[in-house]
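Each chain, letter by letter, is given below.
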Amino acid sequence: MELFATKNFGKPEALTIAGYKALGGFQGLDKALAMPQQAVIDEVKKASLRGRGGAGFPAGVKWGFLPKDNPKPRYLAVNADEGEPGTFKDRLLMEGDPFGFLEGTVISSYALNVHHAYVYVRGEFFKARRIVQDAVDALYKEGLLGKSVCGSGYELDVTVHPGAGAYICGEETALLESLEGKRGEPRIKPPFPAVVGAFGCPTIINNVETLAYVPWILAKGADWFAGYGIAGEGGPKLFCMSGDVKRPGLYELHSGANLRELIYEHCGGIVGDKKLLAVIPGGASSAPLTVDEIDVGMDFETLKKKGTMLGSAATMVIAEGRCVVKILARTLKFFHHESCGQCTPCREGTGWLHRLMERLEHGGEPDVIRKDMGLLFGICDNMVGNTICVLADAAVMPTKGFVNKFRGVFEAHMDGRGCPLHRDAQGHP
Amino acid sequence: MPFEFTAAEKQQIDALISRYPQKRAALIPVLHLAQARTGLITAEVVHAAAGVLGLTAAQVYEVVSFYSMFRKAPVGRRHVQICTNIACMLRGAEDLVAAATRRCGVDVGETTADGEFTIEEVECLAACGTAPVVQVNEDYHENLTVESFERLLAKN
Chain A
1 MELFATKNFG KPEALTIAGY KALGGFQGLD KALAMPQQAV IDEVKKASLR
51 GRGGAGFPAG VKWGFLPKDN PKPRYLAVNA DEGEPGTFKD RLLMEGDPFG
101 FLEGTVISSY ALNVHHAYVY VRGEFFKARR IVQDAVDALY KEGLLGKSVC
151 GSGYELDVTV HPGAGAYICG EETALLESLE GKRGEPRIKP PFPAVVGAFG
201 CPTIINNVET LAYVPWILAK GADWFAGYGI AGEGGPKLFC MSGDVKRPGL
251 YELHSGANLR ELIYEHCGGI VGDKKLLAVI PGGASSAPLT VDEIDVGMDF
301 ETLKKKGTML GSAATMVIAE GRCVVKILAR TLKFFHHESC GQCTPCREGT
351 GWLHRLMERL EHGGEPDVIR KDMGLLFGIC DNMVGNTICV LADAAVMPTK
401 GFVNKFRGVF EAHMDGRGCP LHRDAQGHP
Chain B
430 MPFEFTAAEK QQIDALISRY PQKRAALIPV LHLAQARTGL ITAEVVHAAA
480 GVLGLTAAQV YEVVSFYSMF RKAPVGRRHV QICTNIACML RGAEDLVAAA
530 TRRCGVDVGE TTADGEFTIE EVECLAACGT APVVQVNEDY HENLTVESFE
580 RLLAKN
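Chains as they are written, first to last, in our numbering: chain A, 1 to 429; chain B, 430 to 585.
Zero decoy hints are in this set.
Just some of the chain B residues that point at chain A, by a computed CB distance under 8 Å:
1) Ala-455
2) Pro-458
3) Gly-558
Derived DSS-like pairs: lysine-lysine, alpha-carbon spacing no greater than 30 Å straight-line:
4) Lys-127(A) x Lys-584(B)
5) Lys-45(A) x Lys-68(A)
6) Lys-439(B) x Lys-141(A)
7) Lys-439(B) x Lys-147(A)
Don't read these hints as lab results, they were simulated from the structure.
C-beta: ideal position from N, C-alpha, C; glycine also.
This is chain B alone, in the form it adopts within the complex (with noise of 0.2 Å):
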């Protein structure tokens, strides 16, 4: 799929440029501009990244193969991620990834037929005085029950 930035985001990536006393340190950012609207990170926005920064593809390539939150394959219109570090694995993390992949008929790591759902186990989000929490794209889900969990999920 070709990917070319848009005028209007070639304008954010200048002022973001512009914070930085060095053209590169504006690769993550610009990363996160760019899969804001492809959903991934493709080989044509790599090229795209470096072109605009100045960079090499294989000085993209590294940075987006080092980091989690840069897609290498696309998700469902909802991804679910269900922290199952310590806190929220002693509040009940497991039996939460069941209920999802049992809702959904998918496995941990895997994206439903129709799209909707991705269903992950990530690391410590940084929630533990609510956990179990769930991240759903940007949004934090706490204090999870299999019960409030399954109605999160079944909403539209």
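Pulled out of the complex, with its shape left as it was, chain A reads as follows (with noise of 0.2 Å):
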């Protein structure tokens, strides 16, 4: 398999600027600013680049939003603040390739007609942002940044910006008020980043992912990473594998990879060769796929399709033998502690349904059990639709997709005993 935004994974050279050039580098930044600023939105919206932190939604259309008219200067925000349970792909290609996503910002930069663009990395990312500020660092040095990109006379500045321990930051207008210097609650909307984003100021919000394809675009043309994907979800695709498998990692496939093939071929199959039981496809916002539900292209609109979603492609594998509840438990502790507060039915909700999870896995009055299971898909709907962002809606997909596809095994906790997996012969806790 040929690789792409991760061939020069595991090179030091890499993150020298004369290293990632020879390696190939710098040639999509180069046709790039050979061209108009007008062509290369169109080379990416042609390549049918979906956005890669989650929502997909085609980048190129997405640059289409700033207006045309607004006399204001334009932000690029970076979105490194990578968070959702199951995703480890944007640290990768910043530890491993910073001069990668880079240039994709420069070219993104420079096809907006930004002069300052905003790297927001992850708060716990101590080394991947020291990388990545070494190599912006480097990028200044040698005349890729500053007041004349190459000696184009384009100019761009870059800023390395550190978040500080809030999951929520990954949502584009929370990501914005914390680059802002203030809390991390997201915004209403309309209007949208592309309109007022960054003090005010029309922006545009990448992933790390998205970017760093964004130089293969211009280097081998919008037609070639069309036709690597399916049709319109062009290009390569990195899977963050993880949980029960033999080989967990990343892997670069294209889009709409098969599942099955990714968790019995490429990442070897299940530990201890036992049965698969469910998968998480796309992080833990994502609602689960039974045994039954493999045999599937992994990508946006096909898993849309089946009920769940691609995400950041954050695909965790459940074996048999493990108990589903106490995954949900889990799950749900995190949006709970995520959840930023200002949502009423988010807030409140997300602390219900993890507080009830956590009765049926450890045990609790089965009153109160039943009586909350019975409300449970209430709970669900009134937090659905009814807040700012979308970090509800998160929490219940896993939430109605676990209790739907395992309903047994939820009506199996429900007498109050806690886990049936932690019980003796007699059933006894």
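Two independent chains are provided; combine them into the complex using the hints.
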């Protein structure tokens, strides 16, 4: 399998400008700077590059939302606040090939006539932030950033900005609030960031992986990129494989890669050759697929039709013998912890669901459990669509998904005596 | 404990402020800068940060209280942050938590009496492909087993 965004991984020379160039870097940038700005946007649009942060919105279309007649400065915010449970691709892209996504950042900034790009790097990523900062410093030193990028007369500054530990700041408007030095509480849309974004100015927010593929679109052409994936979802694609597989890790295949092949061929199958129980295909926010549902293409549209989502392609594989109630309880603990607290349905709903699942898994008053289980879907329906951002929806999707697909397992937990897997032969906890 | 930014830090802060169209945007980097020296964000740090950025103390407090990395209480010299999210849980994170609390003799969220270790459970650290992962201060330790984790804790 030919590699693209990950081809420089493990090569220390990729961390220097000369080394990155010797490995074939900056071809996309050279081409872009020789093109009119609109032509670069058109190329990315034609490549059908879908945003790789989770929502899968076509990147070129998003770029087109910038107002043409707004005299204010424009900004590009690079979303490197990777935190969806199951995903680790952006951290590896920054640590393994920092000039790759930075080249994409420069190309995209040029195309959008942006003169300042902010790379918002998750707070916990100390190593990635040092590597990216060193790369940015080197780009300034070599004249690839600053007053005249590569002598083209185009001016661009890039600033690396740290987060401070908040999953919600990966949501694009929360990221902007955080960048402005505020609490990371999502904004009501509209106005959309392309119109009123960072510092009240038009702003485009793109994920690290999205930008890492931009140089490839320019270097090899939009037709090549579009043809590499599936219709409407171009290009190579990163898959974060984790959980009960023999060879977890990052796999660079193509949009629409088959999930069964990913698990059984690329990852070598299930640990201990156990049977598969379920797969969480797109991060903690996505509904699970059962063992009968894994002959499926890993792309945004196919998984949407299956009632789940590709998200950031954070694929967590679960073997038989695992308790799905425990996994859902852990998922809801996460969302409860990460709810920013702005909207009541999310703040209260995530906590309610979390406490209910803890009681199912660890035991509790049977009457309370039965009553809460009766209210479960009502709680979920009162959360979805009633909040400023989609964190509440993200907690509901796995909740409904696991309960609907593993109803018997949940019912077996309802007597208040905790997980059946942890009981003795007489049924005592 | 009184706190003031040093002359060198003030220079760094000026450089940070110059990167943004609004001074307030430098707040999170400034708080990181302070915490790197003090180990936590005290009331004095809040007032100093407010002072250099022309903010009210309330504007700084509301940010400090929102983000998990800004510490309100001191931690041990080794801040052991064990990811217990799904991928790490499937790969044995619970055994690591048990090993850490057993070895250090404290519960999750506590610091040892000698000030060496603070044990904490944290959310996904984005190292699921090399799970389980533990972050000690700034560094990740991946693909841990109970044995390799205990060796890590035993090291000085």
